Structures are given as C-alpha cells and as structure tokens.
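Each chain is listed here by its residues.
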Amino acid sequence: MSGRESGNSGKKAFNREGCEEDPQRSLRLRIGFIVCAIGFSLPSFFTTQSQAQVTFERLVNSAKEPQNWMTYSGDYSGKRHSGLDQITVTNVHTMVPKWVYQTAATGKLETSPLVVDGILYATAQDNRAFALDARTGRPIWMYQRALPGDIRPCCGRVNRGLAILGDKVFLGTLDAHVIALEAKTGAVVWDTVAADYRIGHSFTVAPLAVKNLIVIGVSGGEYGVRGFIDAYDGDTGDRRWRFYTVPGPGEPGHQTWEGDSWKVGGAPAWNTGTYDPETNRIFWPTGNPSPSNRGEGRAGDNLFSNSLLALNADTGKMNWYFQFTKHDEHDWDATQLPVMLDAGGKHLIAQADRNGFFYVIDRTTGKLISATPYGKITWSDKKDAEGRPVANNQASPTFEGRTICPGALGTTNFMAPTYDPQTGLFYVTARDQCDTFSTAPQPYEAGHAYYGSAYFPSEEAEPYLGFLKAIDPATGEVKQNFQHTSPTWSGVLSTAGGVVFSGDAEGNFIAFDAASLKPLWHFQMGGAVYAPPMAFAVDGKEYVAIAAGSAVYAFGLP
Amino acid sequence: MFRRWRMGWVALMATMLVGAAYTADDRNPLAGDVKAAKAGEYEFRINCALCHGLGARGGGRGPDLTRAQKKHAHSDADMFQIISNGIAGTAMPANGTNGQGVGMTDEEIWQIITYIRSQEVKAPAQGLANAAHGKDLFYGDSNCSLCHMVSGKGGRLGPDLTAVGGSRTREAIIDSVRNPSRRLAWGLTEATKEFPQEYESVTAVTEDGKQIKGVALNEDSFSVQIMDANERIHLLDKDKLRSFHKSRESAMPKYDADVLSDKDLEDIVAYLISVGAK
Numbered sequence: 004m005s006g007r008e009s010g011n012s013g014k015k016a017f018n019r020e021g022c023e024e025d026p027q028r029s030l031r032l033r034i035g036f037i038v039c040a041i042g043f044s045l046p047s048f049f050t051t052q053s054q055a056q057v058t059f060e061r062l063v064n065s066a067k068e069p070q071n072w073m074t075y076s077g078d079y080s081g082k083r084h085s086g087l088d089q090i091t092v093t094n095v096h097t098m099v100p101k102w103v104y105q106t107a108a109t110g111k112l113e114t115s116p117l118v119v120d121g122i123l124y125a126t127a128q129d130n131r132a133f134a135l136d137a138r139t140g141r142p143i144w145m146y147q148r149a150l151p152g153d154i155r156p157c158c159g160r161v162n163r164g165l166a167i168l169g170d171k172v173f174l175g176t177l178d179a180h181v182i183a184l185e186a187k188t189g190a191v192v193w194d195t196v197a198a199d200y201r202i203g204h205s206f207t208v209a210p211l212a213v214k215n216l217i218v219i220g221v222s223g224g225e226y227g228v229r230g231f232i233d234a235y236d237g238d239t240g241d242r243r244w245r246f247y248t249v250p251g252p253g254e255p256g257h258q259t260w261e262g263d264s265w266k267v268g269g270a271p272a273w274n275t276g277t278y279d280p281e282t283n284r285i286f287w288p289t290g291n292p293s294p295s296n297r298g299e300g301r302a303g304d305n306l307f308s309n310s311l312l313a314l315n316a317d318t319g320k321m322n323w324y325f326q327f328t329k330h331d332e333h334d335w336d337a338t339q340l341p342v343m344l345d346a347g348g349k350h351l352i353a354q355a356d357r358n359g360f361f362y363v364i365d366r367t368t369g370k371l372i373s374a375t376p377y378g379k380i381t382w383s384d385k386k387d388a389e390g391r392p393v394a395n396n397q398a399s400p401t402f403e404g405r406t407i408c409p410g411a412l413g414t415t416n417f418m419a420p421t422y423d424p425q426t427g428l429f430y431v432t433a434r435d436q437c438d439t440f441s442t443a444p445q446p447y448e449a450g451h452a453y454y455g456s457a458y459f460p461s462e463e464a465e466p467y468l469g470f471l472k473a474i475d476p477a478t479g480e481v482k483q484n485f486q487h488t489s490p491t492w493s494g495v496l497s498t499a500g501g502v503v504f505s506g507d508a509e510g511n512f513i514a515f516d517a518a519s520l521k522p523l524w525h526f527q528m529g530g531a532v533y534a535p536p537m538a539f540a541v542d543g544k545e546y547v548a549i550a551a552g553s554a555v556y557a558f559g560l561p
Numbered sequence: 051m052f053r054r055w056r057m058g059w060v061a062l063m064a065t066m067l068v069g070a071a072y073t074a075d076d077r078n079p080l081a082g083d084v085k086a087a088k089a090g091e092y093e094f095r096i097n098c099a100l101c102h103g104l105g106a107r108g109g110g111r112g113p114d115l116t117r118a119q120k121k122h123a124h125s126d127a128d129m130f131q132i133i134s135n136g137i138a139g140t141a142m143p144a145n146g147t148n149g150q151g152v153g154m155t156d157e158e159i160w161q162i163i164t165y166i167r168s169q170e171v172k173a174p175a176q177g178l179a180n181a182a183h184g185k186d187l188f189y190g191d192s193n194c195s196l197c198h199m200v201s202g203k204g205g206r207l208g209p210d211l212t213a214v215g216g217s218r219t220r221e222a223i224i225d226s227v228r229n230p231s232r233r234l235a236w237g238l239t240e241a242t243k244e245f246p247q248e249y250e251s252v253t254a255v256t257e258d259g260k261q262i263k264g265v266a267l268n269e270d271s272f273s274v275q276i277m278d279a280n281e282r283i284h285l286l287d288k289d290k291l292r293s294f295h296k297s298r299e300s301a302m303p304k305y306d307a308d309v310l311s312d313k314d315l316e317d318i319v320a321y322l323i324s325v326g327a328k
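So the protein sequences, as listed, match chains A and B. Letter 419 of the first sequence, counting from 1, is numbered 422 in our numbering, and no numbers are missing. Letter 200 of the second sequence, counting from 1, is numbered 250 in our numbering, and no numbers are missing.
Treat the hints with caution; some may be incorrect.
Across the chosen pairs, the derived CB separations fall in these ranges [stated by the list, open to error]:
#: 1; chain 1: B; residue 1: 232; chain 2: A; residue 2: 281; range: 50 to 58 Å
#: 2; chain 1: B; residue 1: 221; chain 2: A; residue 2: 368; range: 37 to 45 Å
#: 3; chain 1: A; residue 1: 88; chain 2: B; residue 2: 296; range: 55 to 63 Å
#: 4; chain 1: B; residue 1: 261; chain 2: A; residue 2: 480; range: 35 to 43 Å
#: 5; chain 1: B; residue 1: 228; chain 2: A; residue 2: 88; range: 39 to 47 Å
#: 6; chain 1: A; residue 1: 390; chain 2: B; residue 2: 308; range: 52 to 60 Å
#: 7; chain 1: B; residue 1: 201; chain 2: A; residue 2: 480; range: 53 to 61 Å
20 Å max Cα-Cα, derived SDA-like pairs, lysine to any residue [said to hold, decoys possible]:
#: 8; chain 1: A; residue 1: 521; chain 2: B; residue 2: 85
#: 9; chain 1: B; residue 1: 85; chain 2: A; residue 2: 402
#: 10; chain 1: B; residue 1: 313; chain 2: B; residue 2: 299
No lab work stands behind these hints, which were simulated from the structure alone. Just so you know, these numbers come straight off a predicted model, no measurement behind them. Where a beta carbon is used, it is the ideal one built from N, C-alpha and C, also for glycine.
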C-alpha cells in the first residue's frame, strides 16, 4: 500500500503559508487569516531575527546552543545532558520555582518540553500542544485535537512531546495521524493519516526531526498491530518511507514467525530513537511481539520485536538489528532510549533494557559488547555464544501463574535516562518488582486488546522498590544508587553544573549530586512525575523544567 | 507495553470517555452457555482477576464474586451496568478505564457475567456464627475497636472496617487477623500515584531524643506523617530526625487461636459481613 492507509481521508486542505482551513477552529482561523494577511503585507523588517528557523544544521550542532533544547533528548545522541552550568552542586540548594503552567489535563503527563529561542513547546494528554513564554510560563498559543470517541490508546491518553523543524512543530496523535503545527501560532499546516486507529494504531511518542524528515514510531502492541517506523516530509507531510518492524513474506526475518502470526505480530516503536549524523543512521528501539504475554502460536524469535534497529535515515533501509529479548512472553518492550556514547575509541550505544540487563552495543556493527543485570532478575541465568542473556526454563507464564522478575513493567520502562560525560555514568530510573504471569489464551479480534496473559503483583508481601541508579558503561557496574520511597516513572537529566535531576511518585522534584547521588534540594510539586526533566536558558538565566501532576514547572536560581 | 497502573486507573477514570450509561437487556443472552463461560474465564483473568482473584474468589483487594448474594448487583443487567460504568466511590473502574486497554465489548461482558454465574456457590451456612456476639467482642474483649472503626465508632490507627465485610472474602478477613503482617492494608491513595500508602509501622526518634511510634499516614523521601497509638498526628522532616525506621511488621498484634478462638473469630467475621453487606 502506498502513501496512506485506505478508508481514511488523508490530509486536510491547507495552503503552504500555514493558513490552514479547519472548520473546528473558526475563531483561530479568523485570527490566523489576519496574521497571514498582515504577513503578506508587512515589510520584512518587522520579522524578528531572534526566532530563526530550526534547521537540520542547528539540530546537528545543538551543543553550540545549550540555551535551547530542540529534540526530545536534547540532542541527537540521546544523552539528555545539558551543557548549562549556572546551577551547580554548590548553589542548587537555593533553587526556587519560577513558574507553573496548568495544562488542565488529567491522567499521566509524560511530556518532555522543547525550548527554542525563549519559547517552550510541550504537549499534554488528549493531544494538547502549547507554546509558552519560557521566562514566565504565559501561553502564546494552545492547540487541542478533536479526537474520535473510539480511539485505542493502550495505556492512557498520553503524549511524550513534539519535534521541531523549520517553522513547524510536529505531533503524533492518538488517532494515528501525524500533524504539523505552525510554531508561531499552533495552526495546523498539514495532517497526514498514518494508519487506521480503529484496529489499535496510535501515536504517543515524540517524533524525531532528521534532515527534512519527521520520523515516528507507532504504538499498538496490545492490539496486534503490525508495527512500523515512518518518515514524513516536514514540508508536505508526504510519507517518504516506512519500515515494518515485522517483516512480511520474502523479507529477512519473516521466517521467525509461525504461520500467519506475523500479521498481528506487534513490535511497535513507541519511544523516540536517536540519530548519528556521522553515519546517517537512525537508532530506533521496538516493543513486544503480540500477543504480549503468550508465545504459543508465534514460535520463533519474532523479529524485529524487542530489538534495536539501525536504519538509513534517507531510505529507512536496515543496516543492522540487535534483539534484546527473543520470543518475549513478558511484555518487555525494548523501547528504552538508545544512548550514543563513545569510549575507548569505539562508537557505542548503551541501553538499560526493560528485561533487567544493561546492554552496550557497537553502533557500527550492531554487535553486543556487554550485558549486565542492573536489577532483580530471575528469567535468565545463562548467555548464548554472542553474550546475549537467554531465558531459562522457569521463565514462561503458566496457567496457574508463575512469578518472574522483573515484572511486566520491567526494571525500567519508557522513562528517559541520561549519560553524563563529566562523570562517565549512565543514570536510569529502575524498579525491583516481580509479577505472577498467568496465561489467558484469547483469539485475535481487530481493535480488541490482545494480551494472551494476565499478570499480578507477586503474592509475597514485599514492597516494590524504586531507584535512581548510576551505571558505569565500561563495566556495567551500578556505582551509585538512590532508593526512592516508591517506584517512579520520572526520567533523568544531567547538567554541566554537576547536578542530576529527577522526580518521584510522591511529587518531589529532586536535585542530586551527580557524583554521589546525594539529594541536594527538592521541591514538592503536588503530583506524581511521569516525565523527564530538561534544561534551557533565556536572557542568560538557566532554568530546569519538568511536568508533574497536571502542570509544567520551571525552576531557577533566585 | 506499559499497561497496568495499579492505582493509576483512579486518575484515568476521570479522563477516559465513559460512554453514556448502557441500557442492556435484562437477560444475559449467553446465560448458561458453557463455551461463553470458558471465554469469559479468559476475559476475567485479563480484566478482573487483579482485584477479584483468578477464580473470582476475591484477591485480597476486591470482593469475592462467587457469593450468590452480591452487594451491588443482583440481576445480570445490574452486573452489566456495573462492569460497564464502575462503582463510584469504590475501586471498581468503568470498563476500559483501568489503564489496561480499551475495555471489553458487550459480548465479552456477557461472557464474563456467564463465567461469574458459573462460579457461584450458595452462601455458606451462617447458622453457627453469632454476629451479635461478634459485635460484643469487636467492641469489648477482643479490643478490635481500639484501632478500627465500624460505622463511625471505634479507633483510627488501623483501617476503617465498615465496608470490609462487603469487599473482602471471609478467608481474607480471617487471614488478616491471624497474619496481619502478611499483606499490609492499603491506606491513602493519591490520584496520580501508582501505589497507595500502606499501613506500615514506623518509629522515629527526634533530635531531642523523643521516640514516636505509630503508623505512617503518608511518607515521601523527605517527610513523614505519623499517627501514634493516641491518635496524635506527628508531622516530621526526615533530615531533622535522629533515626527513622519502617517495618512491615504490622502494628496490629497477631491474633493466634489461643488469643482469639476460631469460634469467636467466626463471630467477629459474621459481624463484619453483616455490616459490610448492607
């Protein structure tokens, strides 16, 4: 099938100036029309030079402008490390809240904001998007998509953020559209149908802008979708390539699926990948095979589920793959951030996987260098010839139920980690929790949940433990460990000031000494954290921002 | 994926679009259908068993559904309504709002009801248990009411037990009296927080050497809110304490058979069930 899925209307009408026609937003249309009309008539010296286009060159060289945070992870390497150093281990204890923006959304706020030239762009549940004055938190525009009533998000009506390129920001929607909004107004510039939401496709991921492409991965591993990673032309919204994460007949890897199981094989791609400009490769991780917790009926390794894919950015053709968990039966999506780092003359990727192992991979060849447990594990006690942990005979779910560690939520999950080049440590949110997995065979039915299993907290009355761990990628050793009161879904940020930031389930935003993980400062935000922190600067002042509860918070020095 | 937010559905309930109240036929179209009951068992394991247990006998979190007499639902149509829309003010979510997928179709709900009906047992003979004597013990010699409240009367250190008879199995209540530390009761649940606070025992020593023992009402990495045995609330900053210890040994004493006979315990359970079923 070329272009778009059949049965949907495709793009909305628009013109190339970004003055789109959207009957549901008539007021803004009118305002937008005025803006457009003025735009055509005013002389060019009225346009501000400070808000330049976000070119691909700026994204590649993001380290040169640490005041801005222009991709999901802050740079293409996925390090979530800020070069700003105004806030330090010695002054962070004086940090104060600068502003709070209430989104009015309920549920889990997972967004990672972008900041470009003093404007903060972020998202909230139900496909809200907004732009704020990054100094004050005052909104400049707000957008909310009118979603159909029968969308199929698996795990909340969440969104993890935007991409920015040129004069547009890009949003993946819960009804499986990719849309471009004008960065100055929030007006829809183009709207492309990626897939049919009615059979379980959705987008929750922050897209990644590479060259003139918007790269995005689909969600829907709980509905038996056939996963894919797409690239859309940033100017037009036309799809440039699609990589199906479950290969079809005749394609390499197809033989790893039993019978027709590939058609509903899952392997979604719902967390943001990274990009290596040197080799023009995108590194994008994939999720669980479907049904998520039952291997019967899909015998084989089930490629390319739970894998890291190296794709050519221009074509979407695969250079190599590395599968973390073969033939997964525990919902252990490998959709954790693949972080690029260089050490010992080698170009590496480090990924703390949901299955409880910390992997270091050669990003030139895709070969495994090391795999080391960083949490409580019972599913594997041996490795194959390549050094990859493999399941033992006590790992498969049974009808009566079998307790396996980690549990279905994994040792970590979608929460963004950070790599701090100053300490050389990889910081990741982790939990120790075991679940009892019990099979529940069910047939595939389009648009319906397709799990094949149920899982429960293990019966032992032990609490589930949550941690911030600092791992040395050279050895896989956990060097520092901070235990939270309960497991958190917060991501982690490191900064050149020697401070690591993260949040907790009790609503605290916490600054840690990167060297010791000793808490240096905290602030109670009044709602649990499901989002990663990021840093930016405006007018020469450093801020750190994070979403918690229903709001986005920004902090800085007094 | 990262489905399953053990308590997160509480927040999701507020966000998910709950369809208009469903008007169902009075009769289950699948009533008595053995194949439907089997399909319902799998649906039940996926959607319901987390709280109601794999065999619908109550999982320590949700009510035993094998009792023919249910608190909220009598007819199949009642059950359909409850599964579809949840029960306000309780942990029972509306279909599709527990963070685990989009929920079930009408047919799947009827399958689950068919399965539950197939598992029902006649109410156990209550003839031997004496709820009135159980009430006397609860407020008297067994000292339950020193820490537990029923219908507004009793103590505050332990969980309020007014509803426990309707939401927990007889076996679960007996187990929590005989082995109070085996599974600590849930306390405060915050809207977006994954895990509720548990009834953990805590001991704090202040800078001036004063020891405070009690139960944690809530806690984070930097502060703790404790109720002591005299029902005084202590608000403490952890960095100002000389020491702070938590224990998963319940503050409730273990009631062995030599302290509380099986017969007396049955009477107390009968009292709690008589109150909780109302």
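Checked against the structure, which of the hints given earlier come out wrong? Hints 2, 3, 5, 8, 10 contradicted; others consistent.
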